[in-house]
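Work out the full structure: start from the sequences and follow the hints.
Listed below, chain by chain, are the residues.
Number of protein chains: 2
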Amino acid sequence: MYAPATVVTPPLVNEVDIVIPTIRNLDFLEQWRPFFQPYHLIIVQDGDPSIKIRVPEGYDYELYNRNDINRILGPKASCISFKDGACRCFGFLVSKKKYIFTIDDDCFVAKDPSGKEINALAQHIHNLSTPATPFFFNTLYDPYREGADFVRGYPFSLREGVTTAISHGLWLNIPDYDAPTQLVKPRERNTRYVDAVMTIPKGTLFPMCAMNLAFDRELIGPAMYFGLMGHGHPISRYDDMWAGWCAKVTCDHLGLGVKTGLPYLSHSKASNPFVNLQKEFKGLFWQEDIIPFFQNVTLPKECTTAQKCYIELSKLVKEKLVSIDPYFEKLSDAMVTWIDAWNEFNQSADGATTVKVKPTKPK
Amino acid sequence: MYAPATVVTPPLVNEVDIVIPTIRNLDFLEQWRPFFQPYHLIIVQDGDPSIKIRVPEGYDYELYNRNDINRILGPKASCISFKDGACRCFGFLVSKKKYIFTIDDDCFVAKDPSGKEINALAQHIHNLSTPATPFFFNTLYDPYREGADFVRGYPFSLREGVTTAISHGLWLNIPDYDAPTQLVKPRERNTRYVDAVMTIPKGTLFPMCAMNLAFDRELIGPAMYFGLMGHGHPISRYDDMWAGWCAKVTCDHLGLGVKTGLPYLSHSKASNPFVNLQKEFKGLFWQEDIIPFFQNVTLPKECTTAQKCYIELSKLVKEKLVSIDPYFEKLSDAMVTWIDAWNEFNQSADGATTVKVKPTKPK
Numbered sequence: 092m093y094a095p096a097t098v099v100t101p102p103l104v105n106e107v108d109i110v111i112p113t114i115r116n117l118d119f120l121e122q123w124r125p126f127f128q129p130y131h132l133i134i135v136q137d138g139d140p141s142i143k144i145r146v147p148e149g150y151d152y153e154l155y156n157r158n159d160i161n162r163i164l165g166p167k168a169s170c171i172s173f174k175d176g177a178c179r180c181f182g183f184l185v186s187k188k189k190y191i192f193t194i195d196d197d198c199f200v201a202k203d204p205s206g207k208e209i210n211a212l213a214q215h216i217h218n219l220s221t222p223a224t225p226f227f228f229n230t231l232y233d234p235y236r237e238g239a240d241f242v243r244g245y246p247f248s249l250r251e252g253v254t255t256a257i258s259h260g261l262w263l264n265i266p267d268y269d270a271p272t273q274l275v276k277p278r279e280r281n282t283r284y285v286d287a288v289m290t291i292p293k294g295t296l297f298p299m300c301a302m303n304l305a306f307d308r309e310l311i312g313p314a315m316y317f318g319l320m321g322h323g324h325p326i327s328r329y330d331d332m333w334a335g336w337c338a339k340v341t342c343d344h345l346g347l348g349v350k351t352g353l354p355y356l357s358h359s360k361a362s363n364p365f366v367n368l369q370k371e372f373k374g375l376f377w378q379e380d381i382i383p384f385f386q387n388v389t390l391p392k393e394c395t396t397a398q399k400c401y402i403e404l405s406k407l408v409k410e411k412l413v414s415i416d417p418y419f420e421k422l423s424d425a426m427v428t429w430i431d432a433w434n435e436f437n438q439s440a441d442g443a444t445t446v447k448v449k450p451t452k453p454k
Numbered sequence: 092m093y094a095p096a097t098v099v100t101p102p103l104v105n106e107v108d109i110v111i112p113t114i115r116n117l118d119f120l121e122q123w124r125p126f127f128q129p130y131h132l133i134i135v136q137d138g139d140p141s142i143k144i145r146v147p148e149g150y151d152y153e154l155y156n157r158n159d160i161n162r163i164l165g166p167k168a169s170c171i172s173f174k175d176g177a178c179r180c181f182g183f184l185v186s187k188k189k190y191i192f193t194i195d196d197d198c199f200v201a202k203d204p205s206g207k208e209i210n211a212l213a214q215h216i217h218n219l220s221t222p223a224t225p226f227f228f229n230t231l232y233d234p235y236r237e238g239a240d241f242v243r244g245y246p247f248s249l250r251e252g253v254t255t256a257i258s259h260g261l262w263l264n265i266p267d268y269d270a271p272t273q274l275v276k277p278r279e280r281n282t283r284y285v286d287a288v289m290t291i292p293k294g295t296l297f298p299m300c301a302m303n304l305a306f307d308r309e310l311i312g313p314a315m316y317f318g319l320m321g322h323g324h325p326i327s328r329y330d331d332m333w334a335g336w337c338a339k340v341t342c343d344h345l346g347l348g349v350k351t352g353l354p355y356l357s358h359s360k361a362s363n364p365f366v367n368l369q370k371e372f373k374g375l376f377w378q379e380d381i382i383p384f385f386q387n388v389t390l391p392k393e394c395t396t397a398q399k400c401y402i403e404l405s406k407l408v409k410e411k412l413v414s415i416d417p418y419f420e421k422l423s424d425a426m427v428t429w430i431d432a433w434n435e436f437n438q439s440a441d442g443a444t445t446v447k448v449k450p451t452k453p454k
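Heads up: the protein sequence lines correspond to chains B and S, in order. Just so we're aligned, residue 92 is where the first sequence starts under this note's numbering, counting upward by one. Just so we're aligned, residue 92 is where the second sequence starts under this note's numbering, counting upward by one.
Calculated from the structure, these hints are not laboratory results. Since we're looking at a predicted model, the values are computed, not measured. Honestly, I wouldn't trust all of these hints.
Repeated chains share a single entry, so a pair holds when one copy, or any two copies, can fit it.
[To be verified] Result set (SDA-like, lysine to any residue): computed pairs, CA atoms no more than 20 Å apart in a straight line:
1. K370 with I265
2. K360 with A239
3. K370 with P246
4. K276 with P246
5. K174 with R157
6. K207 with Q386
7. K207 with R283
8. K370 with E251
9. K167 with K360
10. K187 with P102
11. K276 with P234
12. K373 with R250
13. K373 with P246
14. K360 with D240
15. K276 with A239
16. K143 with L368
17. K276 with E251
18. K188 with P166
Written out as structure tokens, the structure reads:
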């Protein structure tokens, strides 16, 4: 067990929800207590609703299981995956906060090279609160960081930057590899602490991992749909990738920034590569067609919000990806259902009131 | 003075030339001796030919001053800048090696966080000898590095990578800032060692600095022209930027990779910001139009070599940039002259013999 830890003064405590897909690891919230306890947690239970999730004393949280999701969303619950971490996006939908930090329960506090524990959430908030630079590469990385700036030759007209919508953090110890790479390199550990945050340039896609991810829910939340994965579907382990492709092209279209790099956390456990291979094997070859699709997507200029972009993407998915597999027809429909649900639960542009939800365990 | 240092076993000693634009700093070659002495140096003297450049004993070098450049190139010497570091590109032209490493004489050996001296040249050769990944971003940076790989979601069809043509290194201590930033932040020093090499994605431009730069001369040399700068021209300090814009769009068109990050060296001296402001002030506002021009350049598919790309770029410069200033008409013509000279001094595709040059000081 851990000694009672000092809880640090946190940034934007009333504007952030931490979304966690199930907690099986009892140490998880104890270890993160100094950093997470001041925040509100949304836990989305991915499997059997009869299994009780234990949350340590002192945490403020709401917990949703499958019964809650069905009750709250009604028929629209079909868009939320079951028995799969992809269900976490339900938490994004019911949150009322500006920012989401989502993390897996096998991820623990990492230390920087000086031995200091890394406050991952604070770094994410910093990344989201400072501009991004998607239009031109700055060779000294984040120009807004203490001790850095734009280098010679960086256009002055671009130095104001753009609003950051996504902050993608990294992992020490177990790297986020696919099953084939896990099988080939079972002993590989990431020990390299790269002290950088950078903007992923406009027009470039990246593999977005949800183990250590934060985003501005108001700006990009509608594109953070984790798809139809796991139980009843031919694919898993592509929930965050799907969200990443959709969110990146949406950010590029809307002129929003996506950062990757710091903060690190420590990923403790490699999942079983054989199970993973079974889950992801369709994705491994589908992505060879899906990625060129997203690389070539252009959205019409009428798409001025993430919702509108996402509806347009759903149409393009139906038009262009169904030839890969009939699954994409269901996915396209689910994308529309997701946006319907999003609009129902979130303040719409015309100021209509939004639905209040009641979790299993009220805070 | 320095104690005699052990000279390290170098990579590809017969395939690399080190090109230096003048050496005013006597310590420079002494400090780099353990790393540079096995290589051949090409020194291009930028100013008064009567000033004698002193090169320490034990170095194998050739030295060209303005008289040599005029004698060797004849009327084509007009494309090589005078009294400006931009003259260094003459060294790229007369080299017969596969790789060029170019460095300024106010750059010294840096130390990594463990205190070990960094062999910048060895790291550049490593960067150039391993593939680049311009089509998709790898969040754990260089996937070919020991202890790293492609992360989950990286398309397998792209894991072979592409040939790397350019390796752009960075600077500890004095960062490479423009004059306004120097004036605003006179005391800023770069102390952050970011332990990463990354590919700059296709379609993204970057500010290429020639203080610490290596490239594959055979693949991209013709695009590494440093323009008309300094004496007799309205602009300076944009020689490497110009080469960087041209070389990056050429690499993108030809499917070649550009890396930035490691190695670091230590940049010892900030140049005078007032002098710099005078040199670069036209560039500061011209770049606001030049960069969008390069961002929108498309080269025809018939351009299958760097030479062909560069001739096409020269036409586009004349067509699109002369409206900024008549200077760009001269620059466009000089770009053509440069390629004429390049083809004269380098093996042409049809196997014609190339011109042998005789420096002031033969090796």
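Taking the hints in turn, this is what the structure says about them:
no., hint, result
1, K370 with I265, "within (19 Å within a copy, 50 Å between copies)"
2, K360 with A239, "between (35 Å within a copy, 17 Å between copies)"
3, K370 with P246, "between (45 Å within a copy, 16 Å between copies)"
4, K276 with P246, "between (43 Å within a copy, 18 Å between copies)"
5, K174 with R157, "within (9 Å within a copy, 74 Å between copies)"
6, K207 with Q386, "neither (39 Å within a copy, 42 Å between copies)"
7, K207 with R283, "both (15 Å within a copy, 17 Å between copies)"
8, K370 with E251, "neither (43 Å within a copy, 25 Å between copies)"
9, K167 with K360, "neither (34 Å within a copy, 64 Å between copies)"
10, K187 with P102, "within (17 Å within a copy, 58 Å between copies)"
11, K276 with P234, "between (35 Å within a copy, 13 Å between copies)"
12, K373 with R250, "between (42 Å within a copy, 18 Å between copies)"
13, K373 with P246, "between (43 Å within a copy, 13 Å between copies)"
14, K360 with D240, "between (37 Å within a copy, 18 Å between copies)"
15, K276 with A239, "between (36 Å within a copy, 10 Å between copies)"
16, K143 with L368, "neither (29 Å within a copy, 67 Å between copies)"
17, K276 with E251, "between (43 Å within a copy, 17 Å between copies)"
18, K188 with P166, "neither (25 Å within a copy, 69 Å between copies)"
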